[in-house]
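Protein chains in written order, with my numbering: chain G, 1 to 462; chain Z, 1 to 224.
In short, the hints are calculated from the structure, not lab data. Any given hint could be a false lead.
When the alpha-carbon atoms are kept at most 27 Å apart in a straight line, the in silico DSSO-like pairs for lysine-lysine are as follows [unchecked claim]:
hint, chain 1, residue 1, chain 2, residue 2
1, G, 276, Z, 21
2, Z, 149, G, 276
3, G, 335, Z, 71
4, G, 436, G, 245
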Amino acid sequence: MANRSLVSSLVRSAALWAVPALLIAAIILTLVYRNTIYRSFDDPLESAVTALIASVEVDEEGQLRLTREPLDPRYQRALSGRYWLIGQDEGEGPLSIFVASRSLYGESVSIPETALSDLNAKAGEFIRSPVLGPDENEPLRALARQVVLPGMDDPVIVLAAADRRPASRSISQFAVIALGLLIIMTVGLMTAMWMQVRVGLRPLFALTDRVTDVREGREAQVDGDYPPEIEPLAQELNSLISHNKNIVERARTHVGNLAHALKTPIAVLQNEARLKDDTPSEIVNRQTEIMASQVDHHLRRARAAARGQSIGVTAPVDEVIDSLVRTLPRIYRDKELEIVRRGEAGLIFRGAKRDLEEMVGNLMDNAAKWTGSRVIVNTELLSSEVDMKITIEDDGPGLSEKDYAEALKRGARLDEATPGSGLGLSIVDDLCTAYKGQVTLGKSDIGGLKVSLTLPRVRPNV
Amino acid sequence: MRILVVEDDQDLSRQLHQALKDTGYAVDVAADGEEGHFLGDTEPYDAVILDLGLPLIDGVSILQKWRADGKTFPVIILTARDQWSEKVAGFDAGADDYLTKPFHTEELLARLRALIRRASGHTTDMIELGDLTVDNRSARAFVSGAPIKLTSHEFRLLSYMASHQGRVISRTELVEHIYDQDFDRDSNTIEVFVGRLRRKIGTDRIETVRGLGYRLVDPEDSKA
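Construct the entire structure; sequences and hints are all you get.
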């Protein structure tokens, strides 16, 4: 319930009242129409009954006689669907008919019991009732009245009836049309409602898109004009984003300051201790060595912990690789370093620039350190659309397969012979993991180690 | 060879000063960015050791200013900042090498030697001129394989002249490169040092070019 779409719940609640309301409207309309139809249906019957009562007489022999018959020619034509009769209810069986229209053709109509008892109960009043006609029991609608004629003891029933099928047909036709129209109206109303909600919520959808842009690194802030209801939300989001950035940035700065603050004293202590050969110097030497590696290790952990957290930070991959391609030959001046750059251009890393620099920098540095002369840096898109792959390979001695796992382990130093070397792979692995990426080691086609980084990238807006 | 150390930590700066002096360099020390920049701008150093986090002006800015002013001396950045972004920024500003703290003094010295060597166009720490050998690594000199006893000033003089062999070097240039700024400079003392050096390595190895200065030569070459 809590997570139902805003659009569907708005449309649904609109439907909740609109559908019954329209249904009731359809029913009422049909009923009103039906009454109108029956009234105009009953009018001629009523005047026929009134005319019959006015013109009936009882002669001396006690026979009923009409001074004037109703004029409608349909009363003359046999089984025309329009009839009249004057008869008497004898309690059992059909009415005994005194006089009837010629159209009845000597037959009678069958009046339901309820109508007869109504007639008895409400003498003198018009009673309306469906009756069955002489022509294969066709459905008729009758208007009857029980009256006492002067010169007769028992009351007689004066009745006029007409085929009600045309009227019924007309009513059901009307009902179908009314219902059809109202269904169309309902659908139209719902569609309009849905569109209105979509349009009304458009700024909200736009906001969602902008937040996605920020999340995926296409934008740094939630941009755009929003209606006053949403504007505060957009502003809050922006300040949240910059707050987050500040926190991460501040954490980095603190960490950097701490590094700077600790490393110089350690360097001083180490230099001082190395000058002498006595026991205290040895201890200081050993302990400062531990301090240095501890500081290094924990600073790297702290830096790594701050990653992957800041939202909306991106870095152009080309720029980072280019700057390293520029810098490394200056560090390895004594080598004829040839760095080949291949692959996809224009990729954008979704994360902090300095983190990408650390990863690619350490890997390229390793490659440059171990290579004979050639280092290849390749970038490629991955089919997942949100990832990219940066591969760095060299033509140095490489690693044996059993060393791969060891190399990625924290603090492992595979080659103690090259001073201060350590492959730096554990740092890369830490960082890469923080970005939910992956480091893969393998053998390069040109002979040495091949390291592949899978990292998140910014998917360009399509 | 004259080195400038720009480092704000007093102890580290003192240690560097001592280690460099022991290796045979003339050393000037600046404790803040402004002084460092000024010294680099006005004195002809053979190499500079530069910290990044400095009071008044930061290291990268100093380096950029020097390079913009056409200073070409090799600069090695010595810093606790070990991130690649900082390394890249340092090299882009014109650094020639980058060493992170904590460091081994020997490594710093080795890199410094390599920088100076490269700047003067030599490929090894051993400079040879006929049967004269100058070993910048151990700060010693040999004639026909036999070591010569030299004072630190004498060695500096020989080392500088060996690095720029064949070229006439003025007295002023020698003064600027073998004394630190606190030394009482008197170009006459150069003559004294040159005299002593001649006695130790052979008179004909140092030519006097009247009115211009001195030149270190291989006597066998000039005979031929």
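Looking at the structure, which of the earlier hints fail to hold? none
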